[in-house]
Amino acid sequence: MMRFFLSFADFLARVGACLAGAVLVGMVGLILWEIVLRSVFHTSTFVMDEFVGYGVASATFLALAHALGQGQIIRVGLLIERLSPDARRWLEGLYALVGMLTVAVLIHFFWLRVARAWSRGSVSNSIAQVPMWIPEAIVMTGLGLLWLQLLAHLIRNSLGEARCAPPAAH
Amino acid sequence: MDALLSAGALLAMIFLMLGLGVWIFVGLIAVSGIGLVLLAGMDLSRVATIATGIIYRYSSAWELAAIPMFIWMGEIIFRTDISDRIFRGLAPFVAHVPGRLLHTNVMGCTLFAAVSGSSAATTATVGKITTTELASRGYSRSLSLGSLAGAGSFGLLIPPSIIMIVYGILAEVSISRLFAAGVMPGLMIAALFSAYIILRALLDPSVAPHGGERYRLRDYAHALVDLMPIFSLMGIVLGAIYTGVATPSEAAAVGVFGALVIAGVLRQLSIRLLMETLLGAVQLSAMICSLLIAAAFLSTAMGYLHIPADVARAIGALDLSPAMLILTLTAFYILLGLFLDGVSIIVMSLPITLPLVVAAGIDPVWFGIFLIVTVELGQVTPPVGFNLFVLQGMTREPVGRIAVYAFPFFCLMLIGIVLLAVFPEIALWLPGYLYG
Amino acid sequence: QTAMDMANEYPPNSIHAQTADHFIRALTDVSEGAIVVTAHHGGALGYKSVDHYDAVGDGAVQIATSFSGAWSGINPIFLVSSLPFLATDLEDTRELYEATRPYYAAAMEADNQVFLYATPWPASGFWGRKPIDTVEALQGLKIRSFDTPGTTTLVNAGAGPVQLSWADIVPQLTTNGIDAVLTSADGGASAQFWEYLSDFTEVNYALPLQVTHMNRDAFEALSEEDRAALLEAARQTETFGWDLLSSRVSENYATLAQNGVTVTTEVDPALIASLQAAAEPVVSDWAERVGPDAQALLSAYRAAIAD
Ligand code: NA
Ligand code: NA
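Protein chains in written order, with our numbering: chain A, 1 to 170; chain B, 1 to 436; chain C, 1 to 307.
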């Protein structure tokens, strides 16, 4: 059961990262399209900065859980490196709980924003009139993935198999 | 002096929270929230409303967009052999310069700063390309990472620069003049960095691997061929900006496009390369952007606590001579730089400090450059120093150790500030020459 | 003593920052120091005008001064003062504001805030490398517009509007990526446009409203005297802000002349007619989005200016 949850959380984090990658491709494509429209066809998408803004928010939060899983969410960590393994495990567990609490508060308040944008029918003030609950819900989803990954971290830590930060990529 | 007490309390909490080893993203948000509850007496639901509002606003800011795209470009260069070619190509040209390839960070950041307006993007992109290559070639870790942490901030000083635009709009100073004024100070600090690397290499040759290869004319020709891909890429991006085809904010997308085309020409473009570079890019950029977003909330908290404004006002009340004013402001901005990013520092303090400076008869263009170098110092000071964070994210070295590596470069930038204060013409000559 | 914060997206020297500073001074005077407001100009709290609506409604910040056109996605009524060529001089804008104010106040009351006062932005015109005073001059012109009504109007009028972030305008002007910018003389002066552009053509495109608003709970928590003081300071500031606009425009024109910018105020009537025609679908689209309120508002306004 626990194993299943751990691999499920990792799987979701990876899906998030892949979606973030797709968003990044979309951002680059949109900007290049805007450049072509502007310099060749003397027109514009009229929504580029808006959509690139949604893109960077989505890409950041969707990839955050995967970055944590890969040990890429960073810490200064002066004290924790000097502790005995037992003390370290306690502290790691405590940090995961602090993280879960903080992220849970953010998720709750993002949910209030999403619900309000939905019920009020708020849209962006561009030509595209994008319903505002969509980008906010994506950020909230990313925070949800992060919360799951923090829980997975807590479980791994208490099982004594916390993945220490892998060595620098490559 | 309430503001100083609040500032001290906040700083102590950040040191405690981050020093204990909490994730920085969580730690900064938690400290800011606790600060608003304890120091400003807000209730938790108001604090959380502020936090989500600022997080959403800042995460969807157009200004952040260059970071993931430039990092993707860096990943493509790193995972193809373009990066290896850069170093092979440069080797003959720097063979007789003490420190040899250690200068690549300073040169690379100076060049890249001409297309990137942010220091996080500069540090991350150049670092992605250089850190592994320099480490595998046996160059000194401390000089390599230290110079990168310092030189990453050229992104702000050499045009285009987001922070200069922010300053120009707030201070109603010509942005073109500011752009021109940043060039010579940027080159001067780059020269100071290079001189320091040369000095270190002369004193202790072990910082660079044993050299002594002899290069013939043919090797130089080969080297130029190796440098072709990166020069074409720089040409494409610079060309797009300076012909007006792309705006500086769009340059990163052009950079990705150029890097993909070059990878294709080199026959290294594949689905696998795309997937690997994309995953690497979104991870690193999620890390960097999440820290910037968390730091934005910290800035907002400092704003609600009126810290920068109150301290700036206290400085104004001292009625200092121009020289003492600049000295005091340097200390003030270094202190703010401990926990705030450059744009926030400028936005929150300038309405109070600029009138003081103008009343003291100081040129606002010069002050802009001074301010930018001064807030750049904050990029390499703990506890909140973005260039340090970016390098930790890439190399997994502890932030404290990277800060120690960066310390000599912090001092060199201070020397740069002194030179700038003694010889204001370093900043003012070029704009005067160009625009009268 | 009550201490409050006030958010403002625009720089300290901008017209609305000066108006806000006046409000704060007036409030200190009228309330005899009982209410102290700290302004955070230049977006120092991290909010943009579009965020102020909920930030104030939720009490994240007690007071804000905001460009009301930014809220058109929340409630399209807030777009009315940004509609092109609906009101093209100060008197008409005042009438439009009088007709609009009840709708703004009602919408904001429903979202837990108090409408305090509104003051206009200087009229937008065309900054360019030549006078843009004829229909021909506008054809195919690469011009930066700042909102949807402007973009649509300019497309309809045959220009080639581009959307750029404010930070990209100067680089695009230096590289000739764009030829012109739709903004006020004031906006161009604050960014030293005379370094790149030689002409400002007055077309009095629109004079949008900047609204200063307050959280309702914070308002109701005040004593009766303090509430009265607040409304009195708001009233004084409104007068100040509307008067400031006229003096500001003449100051701006003087600054432009000093910096060698030619200000063209006599434009071909055909251009204005063409722009007005181009703006008509924008106005009717807006009226459709808003519903019956829009018709009522527009008729009230048209009746007022007909007098
Ligand atoms: Na730059
Ligand atoms: Na710092």
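There's no promise every hint is true.
Sample of chain A residues lacking proximity to chain B, with all beta carbon distances greater than 12 angstroms (derived) [said to hold, decoys possible]:
{"hint": "1", "residue": "33"}
{"hint": "2", "residue": "39"}
{"hint": "3", "residue": "50"}
{"hint": "4", "residue": "54"}
{"hint": "5", "residue": "85"}
{"hint": "6", "residue": "86"}
{"hint": "7", "residue": "108"}
{"hint": "8", "residue": "118"}
{"hint": "9", "residue": "121"}
{"hint": "10", "residue": "160"}
A short, non-exhaustive set of chain C residues, derived as facing chain B with CB atoms under 10 angstroms [stated by the list, open to error]:
{"hint": "11", "residue": "5"}
{"hint": "12", "residue": "13"}
{"hint": "13", "residue": "44"}
{"hint": "14", "residue": "59"}
{"hint": "15", "residue": "61"}
{"hint": "16", "residue": "94"}
{"hint": "17", "residue": "160"}
{"hint": "18", "residue": "164"}
{"hint": "19", "residue": "175"}
{"hint": "20", "residue": "197"}
{"hint": "21", "residue": "242"}
Stretches of chain B that chain C covers, calculated by requiring three or more beta carbons in the stretch to come under 8 angstroms of a beta carbon on chain C [unchecked claim]:
{"hint": "22", "segment": "39-52"}
{"hint": "23", "segment": "426-434"}
Derived by calculation from the structure, the hints in this document are not laboratory data.
What you are looking at is a predicted structure, and each value in this text was computed from that prediction instead of being measured.
Glycine included, C-beta positions come from ideal geometry on N, C-alpha and C.
Next item on the list: Compare the structure with the hints numbered earlier in the document and write down the numbers of the violated ones, lowest to highest.
Entry: 1, 2, 3, 4, 7, 16, 17, 20, 21 and 23
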